[in-house]
Structure formats: structure tokens, C-alpha cells
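Protein chains: 2
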Amino acid sequence: MKNDRLISNNTIYRLPRYLRLLNELDARGIRRISSTEIAGITGQTSSQVRQDFSLYGSFGMQGYGYSVPELRNAFSRILGAERSYKVILIGAGHLGTAILENFQFIAQGFDFLGAFDVDPAKVGKSIGGRPVYDGNDAGEFVRQLGPDIAILTVPREDAQPVAEKLDEAGVRAIWNFTGVELDCSALVEDILFSDSLLVLTYKLNEEDT
Amino acid sequence: MKNDRLISNNTIYRLPRYLRLLNELDARGIRRISSTEIAGITGQTSSQVRQDFSLYGSFGMQGYGYSVPELRNAFSRILGAERSYKVILIGAGHLGTAILENFQFIAQGFDFLGAFDVDPAKVGKSIGGRPVYDGNDAGEFVRQLGPDIAILTVPREDAQPVAEKLDEAGVRAIWNFTGVELDCSALVEDILFSDSLLVLTYKLNEEDT
Numbered sequence: 216m217k218n219d220r221l222i223s224n225n226t227i228y229r230l231p232r233y234l235r236l237l238n239e240l241d242a243r244g245i246r247r248i249s250s251t252e253i254a255g256i257t258g259q260t261s262s263q264v265r266q267d268f269s270l271y272g273s274f275g276m277q278g279y280g281y282s283v284p285e286l287r288n289a290f291s292r293i294l295g296a297e298r299s300y301k302v303i304l305i306g307a308g309h310l311g312t313a314i315l316e317n318f319q320f321i322a323q324g325f326d327f328l329g330a331f332d333v334d335p336a337k338v339g340k341s342i343g344g345r346p347v348y349d350g351n352d353a354g355e356f357v358r359q360l361g362p363d364i365a366i367l368t369v370p371r372e373d374a375q376p377v378a379e380k381l382d383e384a385g386v387r388a389i390w391n392f393t394g395v396e397l398d399c400s401a402l403v404e405d406i407l408f409s410d411s412l413l414v415l416t417y418k419l420n421e422e423d424t
Numbered sequence: 216m217k218n219d220r221l222i223s224n225n226t227i228y229r230l231p232r233y234l235r236l237l238n239e240l241d242a243r244g245i246r247r248i249s250s251t252e253i254a255g256i257t258g259q260t261s262s263q264v265r266q267d268f269s270l271y272g273s274f275g276m277q278g279y280g281y282s283v284p285e286l287r288n289a290f291s292r293i294l295g296a297e298r299s300y301k302v303i304l305i306g307a308g309h310l311g312t313a314i315l316e317n318f319q320f321i322a323q324g325f326d327f328l329g330a331f332d333v334d335p336a337k338v339g340k341s342i343g344g345r346p347v348y349d350g351n352d353a354g355e356f357v358r359q360l361g362p363d364i365a366i367l368t369v370p371r372e373d374a375q376p377v378a379e380k381l382d383e384a385g386v387r388a389i390w391n392f393t394g395v396e397l398d399c400s401a402l403v404e405d406i407l408f409s410d411s412l413l414v415l416t417y418k419l420n421e422e423d424t
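Respectively, the protein sequence lines represent chains A and B. First residue of the first sequence? That's 216 in this note's numbering, and the numbers climb one at a time after it. First residue of the second sequence? That's 216 in this note's numbering, and the numbers climb one at a time after it.
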């Protein structure tokens, strides 16, 4: 669904939370819910919830609320959760290994093509049931198999050069765990541990003052 | 600074991004900046930037913009970035090890008291220069040394029981990497890998349609 309205990052970051809630409700057999109830659970205002939903379609009816299965299907589709994206991982250190070992909890329905590392001791091994290939072959691999997403878990100093190689090879998106701001043409989504920790200290600080 | 107005989570999550920008500007010797310039860099509207800042004080002057050092000091203080919080880590598996090894990049000025694991092979070792203690002693350790923050990197099935033990021992905040929704009285800040990946597939999906 092409959406011509400009949707802010703020809204986009709320969508996975809505989908998680809808999945939970669906699993519990709950068929409908009001914006007020959703707001109470997700910590938004109900007008914010209605506004977010209205960006993606005409859901819900006055006096009835929202149909959980309908909303859930819509948000699954909007978030690409029903598609099977091809994924590789670059950098099978501790962080990469943790992601490989927990990939079934993090990501459902993805097509994991392989992990890459430049450490000869790791190449040819399997981590979390995923094969580890030679990092020097990653560019050629990307050109041939066209993964949609590269998970970047290399050391900080390698982040930008590896991102450039992934760009050249035509990877579409980088899920960036390095903490380094990447300059590249691929879509980048950062996991910023520092920002998350600052939110926690903000809240601690608020309690103290 | 006690702020009696209710500040939404949406706003709070933008604050670390502002602080990072202000730190960068300060390091480059830039002394003032407009809300329009900040908005251009952070991907907000300028009215959103002005509104966010106004929640925390009277910064900036019409026609001059904002003083970078003044804003930076204010946001450092607001985010608790100038305080030294006492931190422990529970669960020195691959993810815990990755955090220990990169802790100096993730968190500045924190007082790291120690890591805990129940694996006898890890107890007494040092990871990333941090001592690893017996996980069975964590409760007593917390009661005696009163860490502010526990980084939770245990396996999923241990997340809730360990959170409850941390609660009993009086830890104030949990930085939760387990992906499990914790039911506890401590402040919890979640790192949700799945949500971040869904934002990336949302963006890929938008490009395709």
C-alpha cells in the first residue's frame, strides 16, 4: 500500500508495539478493542492511537471499536511481517552469535542465507544452526543471492568500510548494531544501545528530583 | 528538575538523539543552531523541536536560535548523563559479553560494579576487564552495594525469575535485553530487537509498494 502522506518516524516506531499487542489479543481470542483500551496498554492517548491508525486505512467503527483480526492483518502487511525477507549477518562475534542463537525469537518468517566472518577459526562452522562463510566472499554472495537485509555486527572500526562494500554489492537494507552512524545508500535501521540507556537514566533522574 | 507536565514516551525517546547532535556540534565548535537546522538533521519538524525543548526550559531566542553549550548542558543534566550510576550485568553469555566488551562506547561515566553468571566456568574470570561473580550471590551483592541499574542479558526463560530477585533485592532499574515483557516494580527499559527489525521491513515494504 503506497501511502502518499508523509508518515513521521515517531509514528513508524509505534507500529511494532501495536502489532505485538494485536498478536497478543488475537492469541487470547479477543476480537475487538477500543482506541481507549489500546491507549491504556501502550501508553499513548486514544486520539494518538486513532490518528496513527487512520494513516493506514479506515479501521474501526464508532461504538464498536476495532476488529482485532482486521487490524492485526493490516499491520502485519504494513510492517512487512508477512513477507519473507532474505537476511545475512556480517560479523559473528559475541553480538552476532547472540543474534544467530536467538534469531527464531527475534525474526519470524525470514529466510536466513548465512553469516560471514573474517576469522578463519569461525569460517565453515555453524552458529545457532546457521552456516558461517568467509567474510571476504560476502560481496560476491550478496551480488549472487541478493539478500534484502544485512545484519551488521562487525567491530566499530569495520562498520563504514563493510557498509560501503554492502552498498556496492547492492544490499537494500542494513540493520546496524555497530553504534557507528553509517554513510551509505542502503536503508539503515540503527540499534542504539546508548540511547536506550539514556532513556533509562532519564527516568531514574526524574524519580530522584 | 521536577517537571510536572506529563511528558510522553515519544518525546523522551527523542532526547538522546538531541543530546548526540549537541555533543557533535559542540565537538565541532559550533556555538549556536536554529530549530530548523536541528529539525533538518533529526528528521522532526521545527515546531516539534521547539515544543520538545520548551518542555524542559526556556531555551533559545527569536532570531538567534539556541546556544549549543547551554542546550547541551541542560540535556546532559536532564538525561542523567552527568551522574554516575552504579551498574551490574546479569548473564555473561554472548550478548552480555558483547556489552561488557563495548561498555566504554555504550555508557560513559557509569560505575560498573560487576557481572554475574551461574556458569562456574565463567565465575572468577574477567570479561572486557570486568569481574564475573557467581550469579547466586547477585541478590546479596545488590542488597549490599545498591546498584541503580541491572543489565539483564540472561536467557529468556530466566528473565522473569531473575527480575523478581532483583526486585526483592531492591534494584531500581532494569535494562532488559531478554525480549521478555517483565512484570516487576523496577523501572524497565527494553531493547526490543524485533521491533527494530520490523521498522526496517516496514521501510523496505514501503519502497516496494
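No lab work stands behind these hints, which were simulated from the structure alone. Every value quoted in this text rests on a predicted model; they were computed, and no experiment measured them. Warning: the hint list may mix true and false statements.
Calculated cross-link-like contacts (lysine-lysine; reagent style DSS-like; alpha-carbon spacing at most 30 Å) [claimed, not checked]:
id, chain 1, residue 1, chain 2, residue 2
1, A, 301, B, 337
2, A, 340, B, 380
3, A, 337, B, 380
4, B, 301, A, 337
5, A, 380, A, 418
6, B, 301, A, 340
7, B, 301, A, 418
8, B, 380, A, 418
9, B, 418, A, 380
Just a sample of chain A residues kept apart from chain B, beta carbon distances all over 12 Å, derived [stated by the list, open to error]:
id, residue
10, 229
11, 257
12, 295
13, 356
14, 393
15, 412
Sample of chain B residues with no beta-carbon within 10 Å of chain A, all distances over it, derived [claimed, not checked]:
id, residue
16, 228
17, 231
18, 232
19, 268
20, 282
21, 288
22, 295
23, 312
24, 326
25, 337
26, 352
27, 360
28, 363
29, 373
30, 398
31, 420
Beta carbons are placed, not taken as given, at the ideal position from N, Cα and C, and that holds for glycine.
Hints, one by one, checked against the model:
no.	hint	result
1	A:301 / B:337	violated (36 Å)
2	A:340 / B:380	violated (37 Å)
3	A:337 / B:380	violated (37 Å)
4	B:301 / A:337	violated (36 Å)
5	A:380 / A:418	violated (40 Å)
6	B:301 / A:340	violated (39 Å)
7	B:301 / A:418	holds (15 Å)
8	B:380 / A:418	holds (21 Å)
9	B:418 / A:380	holds (21 Å)
10	229	violated (8 Å)
11	257	violated (9 Å)
12	295	violated (3 Å)
13	356	holds (19 Å)
14	393	violated (9 Å)
15	412	violated (6 Å)
16	228	violated (6 Å)
17	231	violated (4 Å)
18	232	violated (7 Å)
19	268	holds (15 Å)
20	282	holds (21 Å)
21	288	holds (14 Å)
22	295	violated (3 Å)
23	312	violated (4 Å)
24	326	holds (12 Å)
25	337	holds (13 Å)
26	352	holds (24 Å)
27	360	holds (16 Å)
28	363	violated (6 Å)
29	373	holds (14 Å)
30	398	holds (14 Å)
31	420	violated (3 Å)
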